[in-house]
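K.L.:
Single-letter residue listing:
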Amino acid sequence: MVKNMKYAFFLGCLIPARELSYEVSVRKVLPELGIELVDMKGANCCAPFSIQSVDYASWLALAARDLCLAEEMGLDIMTLCNDCYESLLMVNTILKRNPELKEQVNQLLSEVGKEYKGKVDVKNLVDVLYGDVGVSKVKSAIKEPINGLKVGTQPGCHLTKPKRIHFELLRGFNDLDALVQATGAESIPYERKEMCCGGPLRDINDDLARQVSRQKLMALKDAEVQAVVTVCPFCFLQLDLGQLEIKRHFSEEFNLPVIHFIELLRMGMGMKLEDWEIKAHRIPITELLKNRL
Amino acid sequence: MNGKAVLVVGGGISGIQASLDLASRGYKVYLVEKSPSIGGRMAQLDKTFPTMDCSMCILAPKMIDCSHHHNVQLLTYSEVKGVKGSPGNFVVTVLRKPKFVDETKCTGCGICADHCPIEVPNEFDEKLGMRKAIYMPFPQAVPRAMTVDKENCIECGLCQKMCQAGAVDLKQQPQETELNVGAIIVSIGFDLFDPAQIPTYGYGRYKNVLTALELERLLCASGPTGGHLIRPSDGKIPRKIAFIQCVGSRDRRFGTTYCSSICCKYSVKDAVLIREHEPNTTVSIFYIDLRAFGKGFQEFVNRAKSEYGVRFIRSSPGEIMEDPATKNLTIWYEDTVAGRIENAAFDLVVLCPALVPRTDAKELAKVLGAGVDDYGFFQASNILTNPVDTTVPGIFACGYCLGPKTGDIPDSIMQGSATAARVAEVLERE
Amino acid sequence: MSELDLGFMGEVANTPRGKGVLLCIQCGRCSSSCPVARLTSEHNPRRLMEMVIMGFKSEVLPHQLPWYCLSCFTCLDRCPQGGDVGEVMFALRNLAVRQGNIPAGVAGQAKALYETGRVINPVRTALDKRESLGLGKITADGLEEVQKILKKTGMEKIIQSK
Amino acid sequence: MGEEEPRIGVFICHCGVNIGGVVNVPEVVKYAKTLPNVAYSEDNIYTCSEAGLASIKEAVKKHSLNRVIVASCTPRTHEPLFRSACREAGLNHYLFEMANIREQCSWVHAHQHERATKKAKDIVRMAVARASWLTPLEEPELEIKDTSLVIGGGIAGMTAALTLANQGFKVYLVEKEPELGGNVRRLHMLYPTMQDTKELLEPAIKAVTTNKYIETLPSTMVADAKGYVGNFKVTLDKKGEKREIEVGTIIVACGAMNYTPPKGLYQYGVYPNIVTQLEMDELLRNGKIEKAPERVVMIQCVGARKGEIRALDLAGFPKSDTARLLAKILKAKKEEGWPYCSKICCMNAIKNAILVKDRFPETDVTILYGDVRVYKEYEDFYSMAREKQVKFVKHIEEVTPEITQGPEGKLTVMAYDALSGREMRLPCDWVVLSTPMIPHKEEVILARMLKIPISSDGFLMEAHVKLRPVDTQMDGIFLAGVASGPKDVPESIISAKAAAARAAILMANKKMRTEALTSVVDEEQCIGCGLCEEICSYGAHYLEEGKSHTIAALCRGCGACAAECPRRAITMQHFTDEQVLAQIKAGLTEEA
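Residue numbers (our numbering), protein chains in the order written: chain A, 131 to 423; chain B, 2 to 431; chain C, 600 to 761; chain D, 83 to 674.
Just to be clear, a hint being listed does not mean it is correct.
Calculated pairs, DSBU-like style, for lysine-lysine (alpha carbon to alpha carbon, straight line, at most 35 Å) [stated by the list, open to error]:
no.: 1; chain 1: A; residue 1: 171; chain 2: A; residue 2: 136
no.: 2; chain 1: C; residue 1: 728; chain 2: A; residue 2: 136
no.: 3; chain 1: A; residue 1: 377; chain 2: C; residue 2: 728
Hints in this document: simulated from the structure, not taken from any laboratory. Computed from a predicted model, the values in this text were never measured in an experiment.
Required output: the full structure, derived from the provided sequences and hints.
P.N.:
Here it is, written out as structure tokens:
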């Protein structure tokens, strides 16, 4: 059975603004694996946790509006950012289960001529690669396996928690590890894998945010990994940029390179990173990947 | 003997009590037990509160009473397959699984087991100890006869050759027996919630995380370690032990919203036993609400605190982490009264899992046509006024298969006697 | 000693994400699992639930307490009662915002959302880079609709009041 | 000594490793064989196992043994078993003797293998010396009357009476009040179903009063009880009108009462709106709370889980004046509180909280607890209350909540919230105290009359708290309902049915055998001084024509009379002077 490999591509806010290299890699790699991405014209911000903290109804309505756009396109959504993913997924789940709430949200949406019907699904990059493409196909696409690289993966909280939502969709905690292994790299288990990167506390209590990241980095260091592999751009930012901040505030240096999973996959598929993309990593990756860059 | 017969399904303490009361009252009793021996959960325990009697020592006489009573017929290693009829006239089909040993010939000498080459984990010891493929689950088993575990048997025939009584019969076939009975009592007991369902506690991954029943076997003089309290990873005596309450109990995630009723109490007992076994070992009990209700328990808790120095911490820990090198365990918890989040290292952690319905409870309920409650326990026809009647007239239930109806041994015994009374009421009325 | 607010628990419980507070049995699994609570004694989700139950409204809403939560949802997975502590935090923040307690960072994002339809906007150099890489333009096609929605829900007022 | 020479068989048990791991059992066997009159000895892994018992029977036949000794554990649990093995082997079971080398040897000397072995030999030698003097005894057979007396017409008593009547036994149901129903009458609704108590009581009362086998005797007390299992003679007193009945069994379902705090405890009796849960139940039932209260505060464990009663106070059960002693303790407890958890108060408080909430949804109900002990499925009842927005607050129990009254009669409770570490000021309209269920005076009088011991918590004591929860130490007398400790309705019903089942066994069999271990009076020696009658706790001695006589069925074989008798006219069967002295002498003799 041929799966529908065409997605409404939800970029979110952070990636197009600050992590262009992520976007570029996704646009390069996914078509090679038979995934067609269609940009969502007129999409708004997913209403992440900061916005949810302000107002509940606005969250539902804004996320539902994005879901409506996908419904109009007749496509399931694929996100890159965990925040976007969780926000859209939760609203989709809540509204599908609660007709009364759906009615209220549609009342808000009628204001802008939209109606949420509950016809599309929300997926994340990992879901698409693991579930649609499949680990074996990913593996067969690897031309230059990343052998010998020991990494710790950071799936990020909102890819897997709360379990009652994610497990129902049969999306597991170890999907990312399977994909990492498929590239030839080794995913090393470490304590506190489920722990948050600390990012959400940025701008609220920067010091605490850094302390959380520090705990996570210490656990990774203890497991003697060579790099961290992330999916979520916020995790990436927090762990990558965060190391510089930790150095500044705690005089503690981890020097642990952080890599987007898609970059790992891209290199494995034999597509070299460009110079500006290498430099987008604040913790240099040149030493680690010198033979592949 | 008044010629009327009763079927009791399940040979634990409440089934035994019901059987003995009915048999002494003059009824013929068929006691059907799924496993090779009667005795049930109580047989697995080390000591019982508050007299600190050795559990087996006070149970064994009752088990033997059952086997000696002229009105009791034991049908061990057997299962109920079908029920027809109505109160006063049930026809029950019982499947007698082959033990591959003739119970009438076997003396239980155990020479066969000495020569059996196959060793497998012993279910009676919660798989902490080993048994042979031909075995008796425990030394005081009733009936005292060996059983061949055909799943693991390689049919080498050594047991047959060694048996001087000629009791081993590897060609024995399953038999179906039809019994005519006036009433039926269900007393199939409970299973334990599998703590591996709460991955943050590491049961199954961490060697030194045990269930409370496993601990009972470790403390028991006839258990796999001969009563020496040692931890599984390295055989050393644990110096710091923690008990964690409500592992699966009071938990909506698994549908086990009820309180299992016995864990707080047995934990305090185990803690005191441990302190008596190993005075240099400290014990901490992590609890949410310390449910020391029932005769003498509050006083016992007070003594555990003041005389035995058992530490009680009001907290349900978030997670346990293992040091891969030492296999020591770190518990992350919040002392909720102090409001402090802390972590502490322990040598051994004992989880107190919820008590859940037997895996075959639903199947048996179906065979009997009896209802089960939301949790899967046998439903009482009226929890206030008819607490030991099932939803089917003439079929009664006692012990933990009714759910955590306070659940400890005296309650199980009272329920066993109460079902005997109900049976007499029904059968004498006719 | 602050005066207890009798209705605070009910107020929280009646919000869409706050019902979990009624399920809390104060077991402490959330607090001992919370990555922030392990770092600072200021944040303790279990104690926060207790303060809501008891009605310490004036100690909860005007302060930073509900804003320490990472929304990592570890507590949601571990709460045996399905008490959804992390969700209750959203309910508390929603109420806090209505009392004017909104951290600058959050207020900034909300403002950006209203003005641009996005919470984070690219700087000039990023826009140039996009163009040079041939990536699509960032448009404000949906902005008008976003503003209509935010006006309708009343969030616009909150944003403007800051 | 009997006519034939004693031929003693000694069976020494390893009890797995319980004994075998400490005592050198084979060595003890070897030693036993050297003792006088020992014809045979062997060791067993578990003598109590079927194989062990079979071995005893075989040896009795093969070696013509006429005395059997098992050296193993305690006779308390295992003597009946070995005795029946002897019987099956054709030996009078009073020719059996037990030597305890586990509790009295291997367990207490676990680390001294050699000395433990020596002690085991001593114990076995003593048993052998005694066994040589054992004589066969016959157990008297008693007729059991198939009528029963149930004391107490509460839910437990009515259930027990109906259960027996349904089996065709005649039952006298005695209730001190003019109406049946007991404590449940005072309740409004029953948790967790929130069923009206009438729905429970009315059908039960109707079933009892219309049952042809039950004679209901309201406004009646038990004035006196004599006799023994199968043959009790009970004097009933209905407002001065005496009547004697004869019954085979007695079920005590005399209930308990709710503890009323003394004036001043938690300001009870000082301010008007401070009530117990039971009083609150009545107020709610009668619609006495008309105006919606702003807040109701409930305080758990008032007078419970407090104070210590030393078990010693009640040990022994001396005849002298138990009632006085107990009254003294009861009084002391009233000041200090009761040490046990009353088990049902948490659910009771929740029930009343829900009733208040259902009536006045806007009223805040705050329950101050130490532990929420909602065991079994009552957890769901607790959840239901929380979903109705009842507040549960763990307070620091060590600090007694302070209750004050403001100007307009408004109460204020000051307490510490243990879980937020904050002091709380709770202005409220009602304070409800959850007080425990406690034994009442009639129970103490009954206990004395029926010679049932009382446990350290003041309730009637079971024969064995674990294994015989509805039996008493007195054959033919059983316990039902809260007489033996706090229980809720379903638990009371279960215990009543259990008691009825146990009583029915005796009555259905119509006869039973009793222990032969009783006192025997040598009339020639007896001077009729009456000391034995006075000392006996069980009423087993009586004087007639200047001589003492023993009622065998009542005698528990304690030996107090034999020790007290100035003329040594009393012999304890199975513990004769010869037997005991031989044993002591052997104990003082060094190992050969």
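K.L.:
Does residue 136/A sit within 35 Å of residue 171/A, going by the straight-line distance between their CA atoms?
P.N.:
16 Å, holds
K.L.:
Verify the proposed pairing of residue 728/C with residue 136/A, using a straight-line Cα cut of 35 Å.
P.N.:
OK: residue 728/C and residue 136/A at ~27 Å, within 35 Å.
K.L.:
For the pair we were handed, residue 377/A and residue 728/C, check the Cα-Cα distance against 35 Å.
P.N.:
Status holds; Cα separation ~29 Å.
In summary, this structure violates none of the numbered hints.
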